Each structure stands twice: as structure tokens, then as C-alpha cells.
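Peer 1: Line by line, the protein sequences are chains A and B. Position in the first sequence (first residue = 1) + 689 = our numbering. Position in the second sequence (first residue = 1) + 2 = our numbering.
Hints are not guaranteed to be accurate.
[What the hints assert, rightly or not] Below, in silico cross-link-like pairs of lysine-lysine (DSSO-like), each with a Cα-Cα straight-line distance of 27 Å or less:
| hint | chain 1 | residue 1 | chain 2 | residue 2 |
| --- | --- | --- | --- | --- |
| 1 | B | Lys14 | A | Lys1090 |
| 2 | B | Lys72 | A | Lys1090 |
| 3 | B | Lys100 | A | Lys1090 |
| 4 | B | Lys188 | A | Lys1000 |
| 5 | A | Lys1084 | B | Lys100 |
| 6 | B | Lys227 | A | Lys843 |
| 7 | A | Lys1013 | B | Lys225 |
| 8 | B | Lys81 | A | Lys1084 |
| 9 | A | Lys1013 | B | Lys5 |
| 10 | A | Lys996 | B | Lys118 |
| 11 | A | Lys996 | B | Lys24 |
| 12 | A | Lys705 | B | Lys24 |
| 13 | B | Lys78 | A | Lys1000 |
| 14 | A | Lys1084 | B | Lys225 |
| 15 | A | Lys1090 | B | Lys78 |
| 16 | B | Lys118 | A | Lys1090 |
| 17 | A | Lys1090 | B | Lys207 |
| 18 | A | Lys1000 | B | Lys5 |
| 19 | B | Lys100 | A | Lys1013 |
| 20 | A | Lys1090 | B | Lys81 |
| 21 | A | Lys824 | B | Lys118 |
| 22 | A | Lys1084 | B | Lys78 |
| 23 | A | Lys1000 | B | Lys14 |
| 24 | B | Lys216 | A | Lys1013 |
| 25 | B | Lys24 | A | Lys1013 |
| 26 | B | Lys188 | A | Lys705 |
| 27 | B | Lys163 | A | Lys996 |
| 28 | B | Lys14 | A | Lys1084 |
| 29 | A | Lys996 | B | Lys5 |
| 30 | B | Lys5 | A | Lys1090 |
| 31 | A | Lys1000 | B | Lys210 |
[Unchecked claim] Some chain B residues judged to face chain A by a derived CB distance under 8 Å, without partners named:
| hint | residue |
| --- | --- |
| 32 | Tyr13 |
| 33 | Lys14 |
| 34 | Met15 |
| 35 | Leu74 |
| 36 | Glu76 |
| 37 | Ala80 |
| 38 | Arg83 |
| 39 | Asn84 |
| 40 | Phe89 |
Derived from the structure by calculation, the hints contain no laboratory data. As the structure is a computational prediction, the values presented were derived from the model and not from experiment. Beta carbons: idealized from backbone N, C-alpha and C, even for Gly.
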Amino acid sequence: MFNRDRWQEIFETIRKNKLRTFLSGFTVALGIFIFIILFGFGNGLKNQFQEFFLDDATNVIFLFPGKTSKPYNGFKSNRRIEFKNDDLSDIKEQFPFFLEYITPRISRGAVVKYKNEFDNYTTRAVGPAHQFAEKTILMKGRFINQDDIKNKTKYAVIGRLVAQDLFNQEDPLGKFIDIGNSVFKVVGVFQDDGGDREERYIYIPYTTRQLLERSNDKLDQIILAFKPQIGHSGSVLFERKLREFLKKKKSIDPSDPNGIYIRNVADQLKQNQQFANVLQLIVTFVGLGTLIAGIIGISNIMVFVVKERTKELGIRKALGATPKAVIRMILQESIFITTISGYIGLFIGIFVLKNIGVSLQDYFIKNPYIDTSTALFSTMILILFGGIAGYIPAKRAAQIKPIIALRDE
Amino acid sequence: MIKITNLHKSYKMGNSSLHVLKGIDFEVEEGELVAIMGSSGSGKSTLLNILGMLDVLDEGSYLLDDVLIKDLDETKAAKYRNQFLGFVFQSFNLINYKSALENVSLPLYYQGVARKERQEQALEYLTRVGLADWATHLPSELSGGQKQRVAIARAMASKPKVLLADEPTGALDTKTSYEVMDLIQKINEEGNTILVVTHEEDIAKMCKRIVKLKDGVIVEDSKVKQVLAADYV
Chain A
690 MFNRDRWQEI FETIRKNKLR TFLSGFTVAL GIFIFIILFG FGNGLKNQFQ EFFLDDATNV
750 IFLFPGKTSK PYNGFKSNRR IEFKNDDLSD IKEQFPFFLE YITPRISRGA VVKYKNEFDN
810 YTTRAVGPAH QFAEKTILMK GRFINQDDIK NKTKYAVIGR LVAQDLFNQE DPLGKFIDIG
870 NSVFKVVGVF QDDGGDREER YIYIPYTTRQ LLERSNDKLD QIILAFKPQI GHSGSVLFER
930 KLREFLKKKK SIDPSDPNGI YIRNVADQLK QNQQFANVLQ LIVTFVGLGT LIAGIIGISN
990 IMVFVVKERT KELGIRKALG ATPKAVIRMI LQESIFITTI SGYIGLFIGI FVLKNIGVSL
1050 QDYFIKNPYI DTSTALFSTM ILILFGGIAG YIPAKRAAQI KPIIALRDE
Chain B
3 MIKITNLHKS YKMGNSSLHV LKGIDFEVEE GELVAIMGSS GSGKSTLLNI LGMLDVLDEG
63 SYLLDDVLIK DLDETKAAKY RNQFLGFVFQ SFNLINYKSA LENVSLPLYY QGVARKERQE
123 QALEYLTRVG LADWATHLPS ELSGGQKQRV AIARAMASKP KVLLADEPTG ALDTKTSYEV
183 MDLIQKINEE GNTILVVTHE EDIAKMCKRI VKLKDGVIVE DSKVKQVLAA DYV
């Protein structure tokens, strides 16, 4: 297979035809380079999209109380509905088949102080399961737990940016902060992929919040998660049953569109997923398009190269080159050039992608990348087609009678 | 060395066909220097191309060194060309990106001669045509006469049975033409068989035998007293 003499002949041809070599090599390298860059950007766009829309748990249903718009069962319309603690336990009891976890959420703004630092933050009074609903990631300490709920402890879990603002370099764990004039002990610090806003929240037990507000049992909203295995259709059924149950319990007209609002993240998720799929499709299409353009480019160059060499091939044949020798020479040369320049384009592309990746975050492209297998596969495809593109004209040239090739000027 | 009987060749030109060679019988002995003459369109180049296996015959038979040349595919033809024949063309047909030495060693490459030996042999042939000093030069750096001498060295490098020259002096001035003919005569004196296609009387007279073609048939075939090109150089 390896023939030193043949390679020497090819290297000589490459060395002595620098422009031709450069042109064909450049086409291949550029093709791969553009493919890598575009595909990487597409992936970056997808990443950004995923971060924007898909950072929370995907099996979550939000319940909000509203005002009724119809009189029902002796009640006047325009009545404000409120969630109470017993709604939590009723839902738990009623839907064990569907329910994964449930947590209330009571949001209040408050001035928060530590030593001389203070600022306005939103506190969220929640249950332990809230950690899963928001995909909160704990950096230090722990989240609100069941004991906190039971004992109405004055413990707080603060966001990364709250810790940064109030504590500077100090370790916030175990320190006491003042939230709306009551003192809380910091038991945890968290971060969240949802962005800066999410990291400025402070979580406290919901029972503590109720205690502070004159021991009521009111809840702002209820967040619950269905078991993932029931799927989207199961969640729709769950949502319907939940609505029926709550409307009956709260004496709301079954046909009243207001009163209770339910937002199923799975619905949203489905739309977002569709959008993500379209994005993926566009990325694939762009990638495929560039690849095809690259292949056409190489084919053109190869046809041109063989055409340019027709006379030379005629001379070689007159001197005793067999058609096989002619084809082998052209193929070996073209595959050698496409392989080398293909990998050059590949490495430059990946290098550029890695280095400009961070600066593109402002343009909705996050962490652009191309997985190695796609990159290698596309390079191989390009080399393969470069070979085929060289083979067809080479075969034709090898079959031309030398007398005709020699006449070619 | 060469024996041709009843050779016919025609070319298709659209719908009509052009009958170029109409029954040629022709023999060449070893060591001959033959001029094939004729006006343009007489079929002399076609004859040479068929002798050189660059083209195929329609009818008749062709024996080269007692080998019947028949039903050649391109691979076989290439091998025969490489073994039996050396070519010299009017337009030199050197590969323009290869040096004189590389051009001369190319037929040896296709014979499978090792690189070092190839270059030694090529240099030897370049020396014989007086161009050893020009071995590393590209064809574009050589004069017409020098190019043709490189082409002759290349043709001789594969040690062919027959050297075929198609208007070897057609692109050269008179003085250079005689120099090239002098070289061809010297090669012939060493015992090589050479066929020269030409339409110039003075070039033809420098051969030992003149074959005249007209309208696809041989009209004259005579041995002549050779004029030595060296006398004019």
C-alpha cells in the first residue's frame, strides 16, 4: 500500500503547483471551518434558549387564587378566593396517584440588614419541596426542611447575590440577618441557573411567615409537581381534576373561568420544546447546507484541476502511465490535500469557537460547541466526497486517448 | 521491426466519415531511419499515431517486434508504449512543472526503476544530448532546441525499440532543426530504429529512406543517400 516513490511523486507535484494545492486545500478548510462555526453557533443558540426557558423543573403546576366572576351557591360574584393550609393536605390526600410533591409560596418584599449593609429583597416563604420545583442548587448549608416547617423556625436560605451584597467576603452561615424587623439565622446559600434575579431571593419556612402575619393560615400560591411517568396527557387530566376539586371545595361555579388559575409548565414546556426542535432543525439544515456547499466547492476544484492537467496526463500516458496509475495519482493527491486541509479547518474552527464563545453571550449565543463526533464525521464526509469528486473526472481523464489529451492546449 | 499490412483508418466527422488511411502496407527493419512525408491531410500523422499506439486501427494488422498489436485496452497500450516506444512531438510536450532531469526520468518511473537509479540514468541521457548542465532547469527556462533535445533524451531513456518523431523540427528554426537532426542521426548510428514524420524536404533527405503518403496511400518508397546534418551545423 505504502509506496515511497509514489508519495515522492505526489509531494513533488504538490510542491510545484502551490497555487492549485492552496486553492483546493483552502476550499476544503473553509468548508469545514464554516460548518463548524455555524453548527457551533446553532448549538449556542439552543443552549441560550434552554437556559431561558427550561431551567425550572418541567413537571410543575402552579395554582393561583383569583376573584370569582359568577355568583354561585349563595355567594356573590367578585369574591376573593384564598388558599389555606388545609388545601395542601387535601390535595395530598386526594391525588396520591398523580402527586410527586407540593409546596406553598408566599412572596413578600422586605428590607434585609446585616451589620451596616442593607437592601430590599423578596422573601419567599416556602416548603422543603420548593427546592425541586425551582431547581435550586445549594452552595453551602441546607435548604428549609420539614422540622423548620413544624417548629416555625426563624431560619433563612439566601441567594448567592444576597450573600455577596450583605456579607461581602464573610461566611454567612450561622450569621443572623434582620428581615423586616425580625431576626433570622442563615442556614444555607444557594445558586440558580435562572439568572441574577433568581439569586436575589431569600427562602424562609412558610409557617414562620404565617406566624409573623398574626398566625394566619393563608397561602399565596401553591406549587405542585406531578409524577413524571404520567406524562403530558396525565398532567392535563390531573390539571382538570384539580380544578374540579378546588372549585367544588371553594364553592366556585364550575363554568367560571376565574377564581382559580392553573399554569401547567408541561404545556409551556411542550411549546418550548417544539421551538427548540425547530431551532435544532435550522441548525441541522444550516450545517447540511454548508457541508453540501463545501462538497460542491471541492467537486468544482477537482474538475478544474483534472481539466487543467489533461495534457500532462496525456504526456504521462504516452510515456507509459496506465489508467490505473493516473487515477491513483490524482486520487492520492486529492485525498491527501483534503485530509490535511480538512483537519486544519477543523482545528481552526474548534479553536475559534472556543475563543470567541464567551464574548457572544450578549448575542444570545451561549457556550457554542460542536461535539467531536459530528465534527470528525463531517470532515470525513467532506474527504470522502472530495475523493469521489476527484475520482470521476480522473477516471474520465484516464480513459481519454493520449492523442486527444495531447492535442488539448 | 515493424510490419503493417492493409491498414485502414477512418474518422467519424458528424454524420460523414473521413477515410484517412486506405490500405497501407509497410515494413521497417531494425536500425532504419525512415522519413514519412506528405502534405497535411495525407494521413502521415495518423499513421504515426497508430504506430505509436496512441490511436487504434480499424482494419489490417500491426506487428511490432513480432508482437501482434491488437485489441489493446488502455492499460496494455500504456505498457507497450512504455516498453517499445519513445515519442518526440512537434510541441515537445514536456511537463512544465518538472525539471529537465525529472522529465527525462518520468518514463523510467513508470517502468518501476528506483529513484536513485532513475536519476542516474536520466542524467546520463541528458549528458548524451549535451544538456547535463541544464538538468535542474524547468522547460520554460530552455530554448526550443534544448526542449526538443530534452524530449529526445526522455524518449530514449526507456530504451525503446522504435523512436517515433512527429515533426520534431516543426517548431524550430533551420539551424536548430539541423542540430536536432544531427542528434537523431547519431542515435540512429547507435543502432536505434527511428521514424520521422515531416513535410520538409531537407529534413527528409537526412534520413536513409523516404516514404511518401498521398491521400491515405503510399505513393513512393525509396532509399536515399543520407545527407549528414553535421555538415550544416
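Peer 1: Checking against the hints above, which ones are violated?
Peer 2: 4, 6, 7, 9, 10, 11, 12, 14, 16, 17, 18, 21, 24, 25, 26, 27, 29, 31, 32, 33, 34, 35
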